[in-house]
Amino acid sequence: MATYSTTHVDTTQLGRGGRTPDPPVLGGGDDGSNGGVPNYGQRLRRARLGLVVLIAPIVMLFVSLTSAYIVRQGLPTFDSTTNTYVRDWGEVNLPWILLAINTAVLLVSSLTMEGARRGITRQAALAPVRSIPGVSLGDEKAFPWLGITVVLGLGFLLGQWLAWKELANRGFFIATNPNSSFVYLLTGTHAIHLAGGIIALLWAAAASLRRTPVESRRIVIDIAAWYWHFMALLWLYVFALLEFAR
Amino acid sequence: MATAATLHAHAPQGFIRKYIFSLDHKVIGIQYFFLALTAVFVGMFLSLLMRIHMVWPTAAIPLIGEIKPETYLSLLTMHGTIMVFFVLTTAPQGGFGNYFLPIQIGAPDMAFPVLNMLSFWTTFVAFMVMLAAFFVTGGAPLHGWTGYPPMSAVQSAGPGEGLGADLWITSIAIFCIASLMGALNFITTTLDLRAKGMTLMRMPLTVWSWFITAILGLLAFGVLLSAGILLLMDRNLGTSFYVPLIVVNGQVLGHKGGSPLLWQHLFWFFGHPEVYIAILPGMGVASQVLSTFSRKPIFGYRAMVYAMLSIGFFGFMVWGHHMFMSGMSPYSAFAFSILTMCIGVPSAIKTFNWLGTMWKGRIRFHTPMLYAIGFVSLFVSGGLSGPFLAQPVLDIQLHDTYFVVGHFHLIMGVAAIFGIFAATYYWFPKMFGRMMNETWGRIHFFITLAGTYAIFMPMHYLGMAGQTRRYSQFTEVAYQTKLLPLQTFMTYAAIITIAAQFIFVINLFWSMFKGPKASDNPWECTTLEWTTTTPPPHDNFGGHTPVVNHGPYEYGVPGAARDYVMQNDPATAPAH
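Same order as they appear, the protein sequences are chains H and F.
Under the working numbering, read the first sequence as residues 454 to 699, first letter to last.
Under the working numbering, read the second sequence as residues -18 to 557, first letter to last.
Hints were generated in silico from the structure; no laboratory data involved.
Any given hint could be a false lead.
Below, simulated EDC-like cross-link-like pairs (lysine to aspartate or glutamate); rule was C-alpha separation at most 20 Å, straight line [stated by the list, open to error]:
| hint | chain 1 | residue 1 | chain 2 | residue 2 |
| --- | --- | --- | --- | --- |
| 1 | F | K341 | F | E505 |
| 2 | F | K341 | F | D544 |
| 3 | F | K237 | H | D532 |
| 4 | H | K618 | H | D541 |
| 5 | F | K237 | H | D541 |
| 6 | F | K463 | F | D544 |
| 7 | F | K341 | F | E535 |
| 8 | F | K237 | H | E544 |
| 9 | F | K49 | F | E457 |
If we strip away everything but chain H, and leave its shape as in the complex, we get (with noise of 0.2 Å):
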């Protein structure tokens, strides 16, 4: 057999699973070589790859609630004062005019979430002209979506409150039917998922005050709005539920 030479490197078979390895400029890759220059286009694809996976158990939580649910619902149980097996899963009147106007503010907060990652991201791509010494970019006054979307994010948690306690004036507590257990345990455990993320803003808002470079604020902002929007969108998931399989 002839010698063959194997220096011929399959490039489609470099660095993570088949992408092109990186232009030498700055060493590249995550080996600390890069005379401290901070890679911010890879830390934002790992960040954005970690919500991803995050996202995944949330989905399998609320899936298994689901199931739960329908499971439970149609449950028959045994009723002695007839013999027979009966339906128990119970009614709930729903305060669905305050859950509309709550979902609205949700959906709202949605759009500002949407204009603070969209700002950051033009004033991050715009850093390394501002940095040139004697570029002057004009004083671009920032719109505070973020500041917003915290107030309209604690807005849809006090809606949410009120709702449980006009659910409570109703006479439906948390044990009294399957349904309202339900009612109780889906909307809290959206709440308590959308409070982690309004943690996250305020990490974000708190960045910014701390003088994090505008790139590093980036990821911060751009993970929140993915994880904000997936929110809104579990919300709609549960009202749907909620409201239309009972």
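Given the coordinates of chain H, work out where chain F should sit on it, guided by the hints.
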């Protein structure tokens, strides 16, 4: 990553940043390892108490006294829970996975180091909450590691079902969150931090096993969390998800219409993948060790990867085989039965590939190799009873007997533990910079192998003879008394096996400080962790990233200067 670059340029100073709240995946891996080591001793001690109580029910144990029947159920519950969650889930994945996954793919650390630290400390909190259940009024819960309602859902069901059971559920919920954080890190790291040239099909099988395990954990623990939330609500908020109309001690409780089967579905949807979470990393380690010490490439690398993927995939579709006793429709039982037996196919592929790897190899019988062979042996003998139990008609006969106890202890208990032992003896030199004692390692191996078979093989016969499991004692029941000699034999075997584990612990700690210094690559392995110094520097590769040119198991290469080619060796091939 900016933070990574700065982090790794300067290793943290000070004891607390360096060893307690460390962001270094290697330190976190060792923390997980010692957490699991503590847990396994607690769990083992509980099993010892159970074994003694079973054959000598009135024996007065020093400091503890006579074990009451309800205490036996507490021991049973806590033994199962601690072993499954804090040993079998924690050591292979959290411990060795954390330490070696980044190094084996050529990364400086996990993708999210802070999350990694949080995941360990959350696990630690979960463990403390679990142990706290022993010390509250009423003691630890009685409902078994599977926590079936209505017992687990009713506060008045027994002495441990009050605060103890609440702590138990809370601990598991915290553990779920910790595991999800860990899984997130493992998956992102594997997908995004691989060194140049480390394609998916060049990853060591250990990395594949941790990666697949992380995916299983990611999808399974969320379901257990939801089940736990419902259980806590039933216990404390008066809801009726799981609890039907029920009378306890003559009192009608307020619940109505719930279904205990709902819990069983949710629990086993988690519980079956959990079995693979425990065993898959062991499969990865066995593959790595068998190939290394047989000086041969792993037989059928791709087949091994696809087998693990299909085991993981089928693992989510067979939860019903734990519920054949629940009166499920025979059609569902048939489907679950067929799907369960399907898992036999990839399992057999793996077994034959392990045997094929050893076939005509130049086997070096070091302790890690012995444990890997032991793993295969236990995997076969524990696994072969699986297809029997997968038959609904047989399962209904055998389900509540010792047959099942023998089956799952051999395959998911002891086989997984053998995987952990193989990993410990194999990676100890890299982790602690010294070699473990071979002679004591071998003695430990042979006693443990013989001992575990002596404990768990007779259980199959007891089960077929109809001996019921979960009973605290057999001395009062006529036909069960006949089987007592075998139980006594198992207790003696357990005492000897447990005593032998102290050989391991002494060897471990003695070698850590007094063992002979290890070279960078004492086993002559090919994967990346053996290319760096022993122990690895803070950023794993001392300021550079390896470039991978070879597959993970190039042993016995014809014409090479050594009989192996390391993954980062230059891509030139020798002239033939």
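- Which numbered conditions among the earlier hints are violated in the structure presented, ordered from lowest to highest? 4, 6
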